[in-house]
Amino acid sequence: MDLTRFFTDLYTARWPLLEGVGMTLVISFIAIVLGTLLGIGVALSLVYGGKAQRFAVRALLEYVRGTPVFVLILACYYLLSTIIQLTPFQAGLIALTVFCSSHVGENLRGALLALPKGQTEAAKAIGLTFRQSFIYVLAPQALRQALPAWINTAAELVKASTLLAVIGVVELMLTTRQIIAIKPRPLEFYFMAGVIYFLICFSIERLGRRIERRVALPS
Amino acid sequence: MGYQLNFAPVWRDFDLLLSGLALGIGMALIAVLLVGNLIGLAAAFAMTSKSAVLRRIAGVYVTIIRNLPIYFLMLVAFFVLPQQLGIRIDKVHAFVGTLSIYAGAYLTEVYRGALLALPKGLREAGLAIGLTESQTRLWVILPVMVRNALPALSNNFISLFKDTSVAAAIAVPELTFYARQINNNTFRVIEVWSVCSLMYVAACYLIAAGLRYAERRLAIPH
Numbered sequence: 001m002d003l004t005r006f007f008t009d010l011y012t013a014r015w016p017l018l019e020g021v022g023m024t025l026v027i028s029f030i031a032i033v034l035g036t037l038l039g040i041g042v043a044l045s046l047v048y049g050g051k052a053q054r055f056a057v058r059a060l061l062e063y064v065r066g067t068p069v070f071v072l073i074l075a076c077y078y079l080l081s082t083i084i085q086l087t088p089f090q091a092g093l094i095a096l097t098v099f100c101s102s103h104v105g106e107n108l109r110g111a112l113l114a115l116p117k118g119q120t121e122a123a124k125a126i127g128l129t130f131r132q133s134f135i136y137v138l139a140p141q142a143l144r145q146a147l148p149a150w151i152n153t154a155a156e157l158v159k160a161s162t163l164l165a166v167i168g169v170v171e172l173m174l175t176t177r178q179i180i181a182i183k184p185r186p187l188e189f190y191f192m193a194g195v196i197y198f199l200i201c202f203s204i205e206r207l208g209r210r211i212e213r214r215v216a217l218p219s
Numbered sequence: 001m002g003y004q005l006n007f008a009p010v011w012r013d014f015d016l017l018l019s020g021l022a023l024g025i026g027m028a029l030i031a032v033l034l035v036g037n038l039i040g041l042a043a044a045f046a047m048t049s050k051s052a053v054l055r056r057i058a059g060v061y062v063t064i065i066r067n068l069p070i071y072f073l074m075l076v077a078f079f080v081l082p083q084q085l086g087i088r089i090d091k092v093h094a095f096v097g098t099l100s101i102y103a104g105a106y107l108t109e110v111y112r113g114a115l116l117a118l119p120k121g122l123r124e125a126g127l128a129i130g131l132t133e134s135q136t137r138l139w140v141i142l143p144v145m146v147r148n149a150l151p152a153l154s155n156n157f158i159s160l161f162k163d164t165s166v167a168a169a170i171a172v173p174e175l176t177f178y179a180r181q182i183n184n185n186t187f188r189v190i191e192v193w194s195v196c197s198l199m200y201v202a203a204c205y206l207i208a209a210g211l212r213y214a215e216r217r218l219a220i221p222h
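Here the protein sequences line up with chains A and B, keeping their order.
Residue numbers for the first sequence follow this note's numbering, so the first one is 1 and each next one is one higher.
Residue numbers for the second sequence follow this note's numbering, so the first one is 1 and each next one is one higher.
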């Protein structure tokens, strides 16, 4: 293995590589934000919705959770492109958002249901409306409860974003393959990509643990 | 809208989809329940062992694999390693190998949790009746721990089964691969993806039901 040659190649390929990393981070980040918002809606309708709404959301949720994320990505890509013209980026973003919202929805639902009933009753007893009791009493506790699994979902999403390479989103994985097509050093460049993915996921996990400690309920 | 639903092209190749699903389940069974389980058990015992070296090795393995995407690992196993070692490797073998190592890391966490949750008295009881340390592990700790770990094991199995769809990206002929093929040949987009995803959902449900049954049968009686 000629390391100086590899570093020359690496230096030549630095901008595409950085753009690939950027794309991975950007699409994961947007998907987490949108997916979390959608997931909060899912959890709220599962816990507080009417019977019909609960049933419909539950059925959809089970459907999405039973489908592999790769199938979601391919289905979004092929399906949506028959109705409206979507770029691979948009199709992939929709798939990842749906995937994320299913995880967040289920997670948050569990956290809300795990709250002791006395919390709602106490909030009612001191005269809070439902909206107030949710914002000031239930949500702060449920969000803390849901935090570890939510961070896990974020790392999961970064890992799932590699599959977008298959539909042509030029993120880190596809960038790596494109670079190797020009500079045939598969071992070195795959190793490079592996290190970057590891660093991203590992830092999310570490950061998550730190935040978890910061926001833990004082006991 | 000018789209007319027509499921005929999908039903015509339904046996292909079914064979793909069978391959996916088969790969998950071998990679997760057989090889991954063994790796997970070994690494979990290593992680809780007295030897610092063993603990270190197992810890590094779990941390690295859990923080890497399976798609990345699969590409390495299929494209990079064979080329570097100068061997040819079948794509199904490459994927089963990848999934085994991937599953092993997740199952290590499951078993490690189960090991740590065991009461201390269990090991002491084993030693007290005259078993050696390794006999205690095999006959006392292992059966109790595996049965305690079953629910977490089921969840991991289902999620790892869904990961077999990734194998379609290296043309392993499983369900997603055939769905894509039918999609490209017939353009029955809505039909093929709804059938494909429903097959995955149904398979997940059946597997989950089977595993719940096994959990009940094997649960430690109170």
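Worth flagging that the hints you see were computed from the coordinates, not collected in a lab.
Certain hints may be false.
[Claimed, not checked] With a straight-line Cα cutoff of 20 Å, these simulated SDA-like cross-link-like pairs (lysine to any residue) come out:
#1 K159(A) with Y61(B)
#2 K183(A) with N155(B)
#3 K91(B) with L187(A)
#4 K159(A) with P82(B)
#5 K51(A) with E109(B)
#6 K183(A) with L81(B)
#7 K159(A) with G97(B)
#8 K91(B) with V166(A)
#9 K91(B) with K183(A)
#10 K183(A) with V80(B)
#11 K183(A) with V76(B)
#12 K159(A) with I158(B)
#13 K159(A) with A114(B)
#14 K159(A) with R58(A)
#15 K159(A) with T136(B)
#16 K159(A) with N155(B)
#17 K159(A) with I101(B)
#18 K159(A) with F89(A)
#19 K159(A) with N156(B)
#20 K159(A) with Q83(B)
#21 K159(A) with R66(B)
#22 K159(A) with E109(B)
#23 K91(B) with R177(A)
#24 K183(A) with Y205(B)
#25 K183(A) with F79(B)
#26 K183(A) with E109(B)
#27 K91(B) with P186(A)
#28 K159(A) with Q84(B)
The hints, checked one at a time:
For the hint pairing K159(A) with Y61(B), the CA-to-CA distance comes to about 17 Å; that is within 20 Å, so the pair holds. About 41 Å separates the Cα atoms of K183(A) and N155(B), which puts this hinted pair outside 20 Å; it is violated. Pair hint K91(B) plus L187(A) holds up; C-alpha atoms about 18 Å apart against a cutoff of 20 Å. Only pairs whose Cα atoms come within 20 Å are accepted, and K159(A) paired with P82(B) is rejected, the gap being roughly 24 Å.
At roughly 38 Å between alpha-carbon atoms, K51(A) and E109(B) are farther apart than 20 Å, so this suggested pair is violated. Our distance criterion of 20 Å between C-alpha atoms is met by K183(A) and L81(B), whose separation comes to about 17 Å. For the hint pairing K159(A) with G97(B), the CA-to-CA distance comes to about 19 Å; that is within 20 Å, so the pair holds. Straight-line distance between C-alpha atoms of K91(B) and V166(A) comes to about 17 Å, which keeps the hinted pair within the 20 Å bound.
Proposed proximity of K91(B) and K183(A) is contradicted: the alpha carbons are some 24 Å apart, above 20 Å. For a cut-off of 20 Å, the pair hint linking K183(A) to V80(B) stands: about 14 Å separates their Cα positions. Between the alpha carbons of K183(A) and V76(B) the distance comes to roughly 17 Å, so the proposed pair stays at or under 20 Å and holds. For a cut-off of 20 Å, the pair hint linking K159(A) to I158(B) stands: about 18 Å separates their Cα positions.
Using a Cα cut-off of 20 Å, the hinted pair K159(A) and A114(B) is violated, with the two alpha carbons roughly 26 Å apart. Our distance criterion of 20 Å between C-alpha atoms is broken by K159(A) and R58(A), whose separation comes to about 26 Å. The suggested pairing of K159(A) with T136(B) is violated, with an alpha-carbon distance near 39 Å, which exceeds 20 Å. Note on K159(A) and N155(B): the hinted pairing holds, with a Cα-Cα distance of about 19 Å set against a maximum of 20 Å.
Restraint check: the Cα-Cα separation between K159(A) and I101(B) comes to about 16 Å, which is no more than 20 Å; the hinted pair holds. Pair hint K159(A) plus F89(A) holds up; C-alpha atoms about 16 Å apart against a cutoff of 20 Å. Only pairs whose Cα atoms come within 20 Å are accepted, and K159(A) paired with N156(B) is accepted, the gap being roughly 16 Å. Restraint check for K159(A) and Q83(B): not satisfied, since their Cα atoms lie roughly 25 Å apart, outside the 20 Å limit.
Restraint check for K159(A) and R66(B): satisfied, since their Cα atoms lie roughly 10 Å apart, inside the 20 Å limit. Only pairs whose Cα atoms come within 20 Å are accepted, and K159(A) paired with E109(B) is accepted, the gap being roughly 19 Å. Proximity of K91(B) to R177(A) is assessed by CA-CA distance (about 18 Å); at most 20 Å being required, the pair is judged to hold. Between the alpha carbons of K183(A) and Y205(B) the distance comes to roughly 46 Å, so the proposed pair goes past 20 Å and is violated.
A hinted pair counts as satisfied when its Cα atoms are at most 20 Å apart, and K183(A) with F79(B) qualifies at roughly 15 Å. At most 20 Å may separate the alpha-carbon atoms for a hinted pair to count; K183(A) and E109(B) exceed this at roughly 38 Å. Restraint check: the Cα-Cα separation between K91(B) and P186(A) comes to about 18 Å, which is no more than 20 Å; the hinted pair holds. Note on K159(A) and Q84(B): the hinted pairing is violated, with a Cα-Cα distance of about 25 Å set against a maximum of 20 Å.
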